[in-house]
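Protein sequences appear in the order of chains A and B. With the first letter of the first sequence counted as 1, position 140 gets the number 150 in the numbering used here; the numbers rise by one all the way through. With the first letter of the second sequence counted as 1, position 123 gets the number 131 in the numbering used here; the numbers rise by one all the way through.
Hints listed in this document are in silico derivations from the structure and should not be mistaken for laboratory results. Check each hint, because a few of them may be wrong.
Have a look at the derived ranges for each label pair, beta carbon to beta carbon [as the list claims (entries may be wrong)]: (1) A:E185 / B:P123: 33 to 43 angstroms; (2) B:G121 / A:Q258: 49 to 59 angstroms; (3) A:A405 / B:P123: 31 to 41 angstroms; (4) B:G90 / A:Q258: 26 to 36 angstroms; (5) B:A47 / A:A190: 16 to 26 angstroms; (6) A:E340 / B:G121: 31 to 41 angstroms; (7) A:Q343 / B:A47: 20 to 30 angstroms; (8) B:D45 / A:R101: 47 to 57 angstroms; (9) B:T10 / A:D61: 40 to 50 angstroms; (10) A:E198 / B:M9: 30 to 40 angstroms; (11) B:G121 / A:D61: 22 to 32 angstroms; (12) A:E185 / B:T10: 24 to 34 angstroms.
By construction, the Cβ of each residue, glycine as well, lies at the ideal position given by its N, Cα and C atoms.
Residues per chain are reported as follows:
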Amino acid sequence: MSTRRIEVDLLTRVEGEGALDIEIENGGLKTAHLRIFEPPRFFEALLRGRDYAEIPDITARICGICPIAYQMGAVQAVERAFGADIPAAMRDLRRLLYCGEWIESHALHVVMLHAPDFCGLPDGIALAREQPGIVRAGLALKKTGNALMRVIGGREIHPVNLRPGGVFRLPTRAELAALAPALEEGRETAIRLFRWAAALPFPEVERDYEFVALRHGGEYPITAGRLASSRGLDIDIGDFETEFEERQVTHSTALHALRRNGGAYLTGPLARYALNSNLLPETAKTLAEEAGLGPVCRNPYKSILVRCLEMLFACEEALRLIAAYTPPAEAFQPLTPRAATGFGCTEAPRGICWHRYDFAGDGSVLAARIVAPTTQNQPAIEEDLVALVGGMLAAPDDAIRAAAEAAIRNHDPCISCATHFLRLSVRRA
Amino acid sequence: MTTLILGFGNPDRGDDALGPIATAQLGGAHANPLTIDLAGVTTLICLDAAAPNGTPGRIHEFDASAAQLPAALEAVSSHGFGLAAALELARALGELPPRVLVFAVEGVCFDHGAPLSPAVAAALPELQRRVRAVPGA
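Please take these sequences and the hints and turn them into a complete structure.
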């Protein structure tokens, strides 16, 4: 018997720290594990006993790239538990803030983390030496997304303005209007990045994912909608636990989320696109058609294209929301706590971010449950790895290592959010 | 000629506060390396704490306009994208100011809530003297 073990001790260009273990026994692939070893951070336990008003400032700290996802799910859950009806104008302002998070997060991944894989380069700095115009474009988009976060959220990283019932401070029309020129330029930059990315060499891969995303029907989903899948699921977000479960696995400090039937599923840009591409603006649809992308894309490498389309969408959506902005009458509405359970679910850049909180009568948190996008994507990522490595077993370890890391980066895993992630080790026997 | 003095570090973690404290004393800014605007800057002075290497309070000076910071300062995950990576990205894009000096002071204690260690606190006057001696600072 011979065992070949290939390890990546520390994955590069991912958000956080994880490793990869591949074991090949007698010429066949035995295991491919995405091993998340960041220590768990116990956010759900930290929240117990805290007042409902404190939740968004605690959950924001889960992620520096996508803090809005963790704040928005929380405030939605509080509002649903306490029976608050959030006016459309406030909902639009929050959607505008979230556009900023999509733009800054996607820009970072597309240019600094993902693009180097298609150019045979080790990192974003090497890409900046070879293609400075592309990296400048990505960084300019990131700056624009950050500006939205700062103006509406109070600061770029871990914003402070969201609160249950509304926001602490309403931005003025003039403050938002001042962002429009950068967003107009951002729209052109996103188109340029898409066309550049569309010419990259993509592996011919089609994966049979079950896509899970929010579906709203009237708009490309960000902050609202029902939970839908490409295999017919269509439920209220409050029914998540009846259809999905989290399992502890020995090789990861992050839980693995699966469908109740045990199946892996994929959330994130490819899933949102598959279930909602008809709701993208005409500019994005035309670009997709130009690149032959189709209404559903099952090639995980082409997620870079979908992220570019979503940046284009987010710039256009932000411009639309800014043009229509009339400050809501009140920055927030007072809430009356009650013993209840609330649910929140939004589309973080990496996919659905689901929250559940049980509240006591005084509004303190009895129990909290937060299911991050990377928690949900780990099983699908491992299935991608099995398919990839199974097809290249005779290749040298270094080739397997590089290909596997790239396959993981397709999904922009946020390890720190999920730890509750990569080094690669390949064992050959 | 525009000089920008930036301090890096967590003000609540012992000697990591060296950057923010020294910068405040010199009238500079506490920096987030992800959001620095270097447009128009001709001299960039970075103040940071360095990992322990046997001599707490020792001041290391690097001319980053001439060469990359030591490889030991490189990160792997995007979460560790720090000063060395930010400077290399600016260099690759041709946006590095003509003069970039990095002063790094060896720390010894990086505990949560701890004050500056005596050796690092004692190095502050010498650090200020050296920064002020930089033309334009």
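These are the hints, each one checked on the structure:
1. A:E185 / B:P123: 33 to 43 angstroms: With Cβ atoms ~39 angstroms apart, the hint holds.
2. B:G121 / A:Q258: 49 to 59 angstroms: violated (33 angstroms)
3. A:A405 / B:P123: 31 to 41 angstroms: At 54 angstroms between Cβs, range violated.
4. B:G90 / A:Q258: 26 to 36 angstroms: holds (33 angstroms)
5. B:A47 / A:A190: 16 to 26 angstroms: At 21 angstroms between Cβs, range holds.
6. A:E340 / B:G121: 31 to 41 angstroms: holds (39 angstroms)
7. A:Q343 / B:A47: 20 to 30 angstroms: Because 42 angstroms falls outside the window, the suggested range is violated.
8. B:D45 / A:R101: 47 to 57 angstroms: Violated: the Cβ-Cβ distance is about 33 angstroms, outside 47 to 57 angstroms.
9. B:T10 / A:D61: 40 to 50 angstroms: About 46 angstroms separates the Cβ atoms of T10 (chain B) and D61 (chain A), which means 40 to 50 angstroms holds.
10. A:E198 / B:M9: 30 to 40 angstroms: holds (35 angstroms)
11. B:G121 / A:D61: 22 to 32 angstroms: Given range 22 to 32 angstroms: holds, Cβ gap about 24 angstroms.
12. A:E185 / B:T10: 24 to 34 angstroms: 27 angstroms Cβ-Cβ, so the 24 to 34 angstroms window holds.
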